[in-house]
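From first to last, the protein sequence lines stand for chains S and G.
Residue 68 in the working numbering sits at position 68 of the first sequence; the count goes up by one each step and never skips.
Residue 90 in the working numbering sits at position 90 of the second sequence; the count goes up by one each step and never skips.
Derived from the structure by calculation, the hints contain no laboratory data.
Note that CB positions come from ideal geometry on N, CA and C, so glycine has one too.
Among the hints, a few may not be true.
Each computed DSS-like pair below joins lysine-lysine, with the alpha-carbon atoms no more than 25 Å apart [stated by the list, open to error]: (1) S:Lys92 - S:Lys62; (2) S:Lys131 - S:Lys92; (3) G:Lys84 - S:Lys92; (4) S:Lys62 - G:Lys11; (5) G:Lys11 - G:Lys21; (6) G:Lys84 - S:Lys131; (7) S:Lys131 - S:Lys60; (8) G:Lys21 - S:Lys60; (9) S:Lys60 - S:Lys92; (10) G:Lys80 - S:Lys92; (11) G:Lys21 - G:Lys84; (12) S:Lys131 - S:Lys62; (13) G:Lys11 - G:Lys84; (14) G:Lys21 - G:Lys80; (15) G:Lys11 - G:Lys80.
One-sided excerpt, in silico: chain S residues whose CB lies under 10 Å from chain G [to be verified]: (16) Pro76; (17) Pro104; (18) Ile106; (19) Gly107; (20) Asn108; (21) Ala115; (22) Gly116; (23) Ala118; (24) Ser142; (25) Ser145.
Derived Cβ-Cβ restraints for the label pairs, each shown as a range [to be verified]: (26) S:Leu68 - G:Asp16: 20 to 28 Å; (27) S:Glu89 - G:Gly83: 25 to 33 Å; (28) S:Glu53 - G:Thr35: 36 to 44 Å; (29) S:Asp141 - G:Glu106: 33 to 41 Å; (30) S:Pro76 - G:Asn54: 14 to 22 Å; (31) S:Ala87 - G:Gly38: 51 to 59 Å.
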Amino acid sequence: MKTMRSKSPTSRRKFLGLAGSAAVAGAMPVVTLRPLEATPAMLTAAIRNVVGEAPVRAGKVKLDIPPLVENGNTVPMTVSVASPMTANEYVKSIHVFNEKNPQPNIGNFHIGPWAGRAQVSTRIRLADSQKVVAIARLSDDSFWSASADVIVTLAACTEEVN
Amino acid sequence: MASALINVPAKAGRGDVIEIKTLMSHIMESGFRRTAAGEIVPRDIITSFTCRYNGTEIFRADLFPAISANPFISFFTVAKESGKLEFEWVGDNGFASTASASITVE
Numbered sequence: 001m002k003t004m005r006s007k008s009p010t011s012r013r014k015f016l017g018l019a020g021s022a023a024v025a026g027a028m029p030v031v032t033l034r035p036l037e038a039t040p041a042m043l044t045a046a047i048r049n050v051v052g053e054a055p056v057r058a059g060k061v062k063l064d065i066p067p068l069v070e071n072g073n074t075v076p077m078t079v080s081v082a083s084p085m086t087a088n089e090y091v092k093s094i095h096v097f098n099e100k101n102p103q104p105n106i107g108n109f110h111i112g113p114w115a116g117r118a119q120v121s122t123r124i125r126l127a128d129s130q131k132v133v134a135i136a137r138l139s140d141d142s143f144w145s146a147s148a149d150v151i152v153t154l155a156a157c158t159e160e161v162n
Numbered sequence: 001m002a003s004a005l006i007n008v009p010a011k012a013g014r015g016d017v018i019e020i021k022t023l024m025s026h027i028m029e030s031g032f033r034r035t036a037a038g039e040i041v042p043r044d045i046i047t048s049f050t051c052r053y054n055g056t057e058i059f060r061a062d063l064f065p066a067i068s069a070n071p072f073i074s075f076f077t078v079a080k081e082s083g084k085l086e087f088e089w090v091g092d093n094g095f096a097s098t099a100s101a102s103i104t105v106e
């Protein structure tokens, strides 16, 4: 009896432990089945491709994107930059990146002082819930950024074609 | 084959900031999707969009597979003179399409 008692709590613990890891394993494939995925390292590399060694500061940029989207195939997105847009002080370009699509780039938009307002809108695809980063290059070659986290219910890009 | 929708104000005051909206019909196949048989569907996207205002480039965009099908792009410019806005889309598999709109600036 004594041995039985000392045994049973261990096996119960073991069982629960196993059940727990099984549940984790069950949840894992949702993440790992995706064959291609940009990593945060790829995101950093893509940003470095654009900005070089220059520091990227947070601010000036506003990234308008819904925090929760049902369909990752068309996510409306607007990037605007606080800039007077005069001949001496303007935005040269706006670059948008993502963290977990197969490719880290979304788009590069080249504008100039003639734009009057530094704002661009488009519709993008998001393959997963992830962070979207917008970076603006100003006329003095400084870089400013904003990022937003988006939760995506239906992923884009990698689904099967029917 | 390809059709574009352009929205430019027909009239604007000199110096006004105007919004230009463009929509191009295109599949924007990302090149990351697979058929049921497991084959990759080859990439077919628009890679570049340019807008010229009386011959001067005012807006250019490099597009990637992360841009949705039928790419919609809107941007701004200062209405400086009457004339023509020309739009050009260039993409994979020799895709090229143009559109234009005219504007009267008073």
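Enumerate the violated hints, using their earlier numbering and listing them in ascending order. Hints 4, 6, 24, 25, 26 and 30 contradicted; others consistent.
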